[in-house]
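Undergrad: Sequence:
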Amino acid sequence: MEEVILAELAEIKRNTLLAAKNVLTFEDAVLLTGISRSHLYNLTHRKEIPYYRPRGKQIYFNRAEVEAWMMQNRVNTRTEAESAAAAYCTGKGGEK
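Residue numbers are given in this note's numbering: position 63 of the sequence shown equals residue 63, and the series is strictly consecutive.
It is worth saying that the hints were derived from the structure and are not from the lab. One thing to keep in mind: the hints can contain errors.
Between beta-carbon pairs, the in silico distance windows are [to be verified]: (1) Tyr88 to Arg14: 44 to 50 Å; (2) Asn73 to Ser38: 20 to 26 Å; (3) Glu80 to Ala7: 37 to 43 Å; (4) His39 to Asn15: 18 to 24 Å; (5) Thr16 to Met70: 19 to 25 Å; (6) Ala84 to Asn42: 16 to 22 Å; (7) Arg37 to Ala10: 17 to 23 Å.
Beta carbons are placed, not taken as given, at the ideal position from N, Cα and C, and that holds for glycine.
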């Protein structure tokens with residue numbers, strides 16, 4: 001029981017420290033995004049996620065850029081899609 005409590009406290013501490021950081025290490029970015037280390041490495045290798053490599057070795061991420069990357073390619077709700085379709089069909093789809 002004590003081990004479980006200590007593990008939970010360690011996780012709370014790690015998450016609290018992560019929340020205060022603007023410059024993230026590779027491991028921080030893994031925790032923030034919830035993706036695997038190998039997938040994040042592949043994303044950096046393919047230059048699909050913004051990152052920094054100041055001395056050519058360690059990889060760092062800007063928290064705001066990672067969060068913006070995570071929020072790209074928004075999918076409309078069914079209501080939004082239906083409204084857009086109705087507007088298109090009635091000729092009010094924003095065409096000029």
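Undergrad: All hints, please: hold or fail.
TA: Each hint tested on the structure:
1. Restraint check, tyrosine 88 to arginine 14: a C-beta distance of roughly 48 Å satisfies the suggested window 44 to 50 Å.
2. Roughly 22 Å separates the CB atoms of asparagine 73 and serine 38, a value that falls within the hinted 20 to 26 Å.
3. About 42 Å separates the C-beta atoms of glutamate 80 and alanine 7, a value consistent with the hinted range of 37 to 43 Å.
4. At roughly 21 Å, the beta carbons of histidine 39 and asparagine 15 sit within the given window of 18 to 24 Å.
5. Checking the proposed 19 to 25 Å range against threonine 16 and methionine 70 shows it holds: the Cβ atoms sit about 20 Å from each other.
6. For the hinted restraint 16 to 22 Å between alanine 84 and asparagine 42, the CB-CB distance of approximately 34 Å leaves it violated.
7. At roughly 19 Å, the beta carbons of arginine 37 and alanine 10 sit within the given window of 17 to 23 Å.
Figure legend: structure checked against the earlier numbered hints; the only hint not met is number 6.
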